[in-house]
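A.B. asks: Protein sequences, first through last, are from chains F and L.
The first sequence begins at 1 in the numbering used here and counts up by one.
The second sequence begins at 120 in the numbering used here and counts up by one.
These are computed hints drawn from the structure, not numbers from a lab.
Don't be surprised by glycine CBs; every beta carbon is placed ideally from N, CA and C.
Some clues are possibly wrong.
Across the chosen pairs, the derived CB separations fall in these ranges [said to hold, decoys possible]:
| hint | chain 1 | residue 1 | chain 2 | residue 2 | range |
| --- | --- | --- | --- | --- | --- |
| 1 | L | Thr171 | F | Gly44 | 43 to 51 Å |
| 2 | L | Ser132 | F | Asp73 | 48 to 56 Å |
| 3 | L | Ser132 | F | Asp82 | 46 to 54 Å |
| 4 | L | Asp188 | F | Gly44 | 38 to 46 Å |
| 5 | F | Pro14 | L | Asn211 | 26 to 34 Å |
| 6 | F | Asn55 | L | Asn194 | 39 to 47 Å |
| 7 | L | Thr171 | F | Gln1 | 20 to 28 Å |
| 8 | L | Gly134 | F | Asp73 | 45 to 53 Å |
| 9 | L | Ser148 | F | Ser75 | 35 to 43 Å |
| 10 | F | Asp73 | L | Gly186 | 23 to 31 Å |
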Amino acid sequence: QVQLLQSGAEAKQPGASVKVSCKTSGYTFSDYFIHWVRQAPGQGLEWVGRINPKNGGTMYADKFHGRVTMTTDASLATAWMDMSRLTSDDTAFYFCAKDLRDSEAFDMWGQGTMVAVSS
Amino acid sequence: IVMTQSPATLAVSPGEKATLSCRAGLSVSGSVAWYQQKPGQSPRLLIHSASTRATGVPARFSGSGSGTDFTLTINSLLSEDSAVYYCQQYNNWPLTFGGGTKVEIK
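Please build the complete structure, drawing on both the sequences and the hints.
C.D. replies: If you want it as structure tokens, here you go:
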């Protein structure tokens, strides 16, 4: 069965960087885009960006441009999201999600990784 | 594109029907998905392409709409349907979500 397994919770100080991993299984990794979505505590969902595992092509939401980097390793069927210059506003659960082949609806999600930014 | 969901909270009795609304600031054609999220869980895809149920989703969940106005209907509500429901548009970048509708069971 399809699974997306994310790395564990992180506690960071303001100004630091965090790298979250998303290990996938149960499907052909390079055939589907991986997206990252975040959710601040008690808040709604916010799209961060996506990566094409086939060629590494990325698209990021404007507000994260210059601060986020998404990468993949097809041999490990794993994706990473690296976010730098963290502030308290970045405190959130970060989810990776796989999209459908012909649309950007997300049919499978990781369990989420809590990133807490505090001094 | 701003996605506006209403109402913010909806209280429905078991067995009744819940109707959730999602309005897009601009036309998004039929590129809308609906998700269910229960406390402490990841979102679950219910509907994509405005009206296509995802694999394994019960038939009591249905979606409709196109352009700017979309509806998620939950027929014969069960206690397990208590959750927050989000709509999402994927017609334009960046992908955007509505603020959510919390469905409570009376």
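A.B. asks: Give a verdict on every hint.
C.D. replies: Tested hints:
Against the hinted window of 43 to 51 Å, the Cβ-Cβ separation of threonine 171(L) and glycine 44(F) comes to about 23 Å, which falls outside the hint. Judged by the Cβ atoms, the range 48 to 56 Å given for serine 132(L) and aspartate 73(F) holds: they are separated by roughly 50 Å. About 47 Å separates the C-beta atoms of serine 132(L) and aspartate 82(F), a value consistent with the hinted range of 46 to 54 Å. Distance hint check: the CB atoms of aspartate 188(L) and glycine 44(F) are about 20 Å apart, inconsistent with the given range 38 to 46 Å.
Here the CB-CB span from proline 14(F) to asparagine 211(L) is close to 33 Å, well matched to the stated 26 to 34 Å. Range check, asparagine 55(F) to asparagine 194(L): Cβ separation about 43 Å, and the 39 to 47 Å hint holds. The beta-carbon spacing between threonine 171(L) and glutamine 1(F), approximately 21 Å, falls within the hinted interval of 20 to 28 Å. Between glycine 134(L) and aspartate 73(F) the Cβ separation comes to about 49 Å, which falls inside the hinted range of 45 to 53 Å.
With their beta carbons about 37 Å apart, serine 148(L) and serine 75(F) fall inside the hinted range of 35 to 43 Å. Checked against the given bound of 23 to 31 Å, the beta carbons of aspartate 73(F) and glycine 186(L), roughly 41 Å apart, lie outside it.
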